[in-house]
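Visitor: Dock chain one against chain two, each of which comes alone in its own frame, and use the hints as you go.
Protein sequences, first through last, are from chains A and B. Counting from 1, position 138 in the first sequence corresponds to residue 138 in the numbering used here; the numbering is continuous, with no gaps. Counting from 1, position 48 in the second sequence corresponds to residue 48 in the numbering used here; the numbering is continuous, with no gaps.
Bear in mind the hints are in silico, worked out from the structure with no lab data behind them. Given the structure is predicted, the values throughout are model-derived calculations rather than measurements. Heads up, a few of these hints could be off.
To be verified - What the simulated footprint calls covered on chain A by chain B, stretch by stretch (three residues with Cβ under 8 angstroms from a Cβ of chain B suffice, anywhere in the stretch; the number is not a length):
1. 25-35
2. 104-118
3. 183-193
Every residue gets a Cβ at the ideal spot worked out from N, C-alpha and C, and that includes glycine.
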Amino acid sequence: MSTSGVVESECRSPGHGGPGSTAALLGCENCGLVSLEATGADRAGIVQKCGRCGHRLYGEKPFAVQRTWACIAAAAVLYVPANALPIMVTTDALDRNEHTLLGGIHELWVSGSWGLSIIVFIASIAVPVLKFGVLALLAWSVRRRPQWRRLERARLYRLIDVAGHWSMLDVYVVALLGATVRFGPLASVEAGPGLLAFASVVVLTLLATWSFDPRLIWRDGEHRTVVYAP
Amino acid sequence: MLEHGHALSVSGLLALTLAAAAAWAIALSAPLMSISLRGGNEAATLPDAIVAAWQGGEIIVAVVAAVTALLAPSLFIALRLYLLVPLALGGRPLGLAWCSRALYQARRWNMIEVFTVGVLLSLARLSALADTSPGPGLFALGAVTLLFAAIESAGLKQLWRRAA
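The following block holds chain B by itself, in its conformation from the complex (with noise of 0.2 angstroms):
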């Protein structure tokens, strides 16, 4: 495949991306499950569930689940927002080059979808447990697996083909 996707204008990925900004936001802040058992009661942020892994000893996972859920969507938005506020302004980007390098391997490493669901089955399977419900977290963390889909489908070479 040598390329595939719809054009879509700079102006029209611009928004794309400012809106799975603000999901992700939402995505990284709010719990993405809460559990109740006999009177207690947790919830579980995106972070909360890295620093879990950590402190249980688990550094390695820690951190490929830090890099794949966490930094490599977070470079996947910011630099792609970089690079199109100056393109939708008229400019032209510094560091156009270094961006679009590491834009590659945040594409590589970004494992977001599989995340989502994830967060899907845990909540299958607390349900056989305890009183489990999704969190806000979760609905944006849906919108930003569909965002990325949107954004990815457009594909990357038109926007190079505007810039350089």
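Excised from the complex, chain A in its bound form (with noise of 0.2 angstroms):
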């Protein structure tokens, strides 16, 4: 088994180790099958895949906090210049403008799309923000905090991973306002220097999400189950 690195998971039914050994148990990401783990001798140095479907299993994801840290520091540092540089520049008949993210922002507001502004305010500046805030949070604390407040720390995480693409929409917005409006020297859109550096903001706090383990904020406690009656 172990000379091929692999071990094919074998199908049992929950409970098999009865209490106390939960750990033993990995439920697949993918197509929900819950496997037994490999244990002692067989454990070390190899790797785990679901018996139905392949997909690797994981107790913990490896390096789940350190990847997290490493994505949030590369997105925070590349967060300056996509603020600073002008993500889009729009040239007409009389002079060429460039327009920063928080600028984009503050015209929409002036000219009184206030709602459209305030989507916007959303998407590209308080979502990345709170993803930021909300992973540093997790990350440090199942370290430093690991008792703390464990719902409201899993329902964060459920929270940005679910708002997070969402902080795409100016990427997309400067693309096809790109493709749309060429008419040369009297009107054209292009996209500036900063959009690149929001585009890998924006990938880097996905990829940072994806790679933290919210099974650590379980880790070591106790369980209960909560039923909500329909």
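Guide: Following this line, the structure appears as structure tokens:
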């Protein structure tokens, strides 16, 4: 088994190990099948895969906290040019204008499109900042404050996991404006250097969210099943 | 959350996926919006936006947009059709495990709903400057977004239980 480096897990019914041995069961993120964790001598240096779909199984994602910190740090560094440099350059008959992320939101607000300006603010500023804050809090607390408000922290993780996609909004808007407004010197829109930094920030925060393992929040805790009556 | 959504039969899922495939073909080929300014007229489709970003020198932006708004939704539909057609006919698809893992990545990177809002936002921003009108591609894109939500809410794990 260990010579090939891969263990195909067998399907066993959950609860096989009895109380106190819940760590010996691994759920597949992809297909949901619950497998028994390899134990003892087999365990060292092997990759365990789901017996049904072949997705890799982890008791804990490897280097989850380190990877999360690395991605947040890289994203935070790139967040500076993403805000400081123009994300969009517009040209019309009279002059050439550079628009930054915050500048664009301000222009929308001043021109009276408050609704749009709030949507863009949430997608481009609030969601990335929320993700930095929440992921830093989660990565810090699983090591330093493991007992603290577990359910709330798990909910925060689910929130950023769902909201994470929406920061891509401004990237699409600039790409679309660039493809549509092509009237040469009369009117044209081009992407600015800030957009590259911003797109990288969005991808890095997504990778940070995916590398964090929400199971770390529940480590060494007492378990209870919450059942919501319909 | 362990599991959510309603139970849909294989044929029900297949119907939704076929509808999504048809709408997606229109969304890719028809213009999303058009703009006219002093006699000139420009219309943009989804691939146009990616090509424009590439030609503008924003290669990474073009790649990110292509993966999240073009490749991932296409894979999402293609892989689901590949899994569902044999299941509906009573067979078992080949390479089930590989497909399911590819589908897992396609779901993660699919951001078509964000792109749809992006098109609406671009329309709103342009309408202040020039004459704009939504194209047929935008309506198809809206349909794709809704169909994806319906397909997603049925969950993939139920499919697994039937297939394996």
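Visitor: With reference to the structure, classify each hint as holding or not holding.
Guide: Taking the hints in turn, this is what the structure says about them:
1. 25-35: With 5 residues closer than 8 angstroms to chain B, the stretch 25-35 of chain A meets the three-residue bar; holds.
2. 104-118: With 4 residues closer than 8 angstroms to chain B, the stretch 104-118 of chain A meets the three-residue bar; holds.
3. 183-193: Contact hint for the stretch 183-193 of chain A vs chain B: holds, 5 residues under 8 angstroms.
In summary, this structure violates none of the numbered hints.
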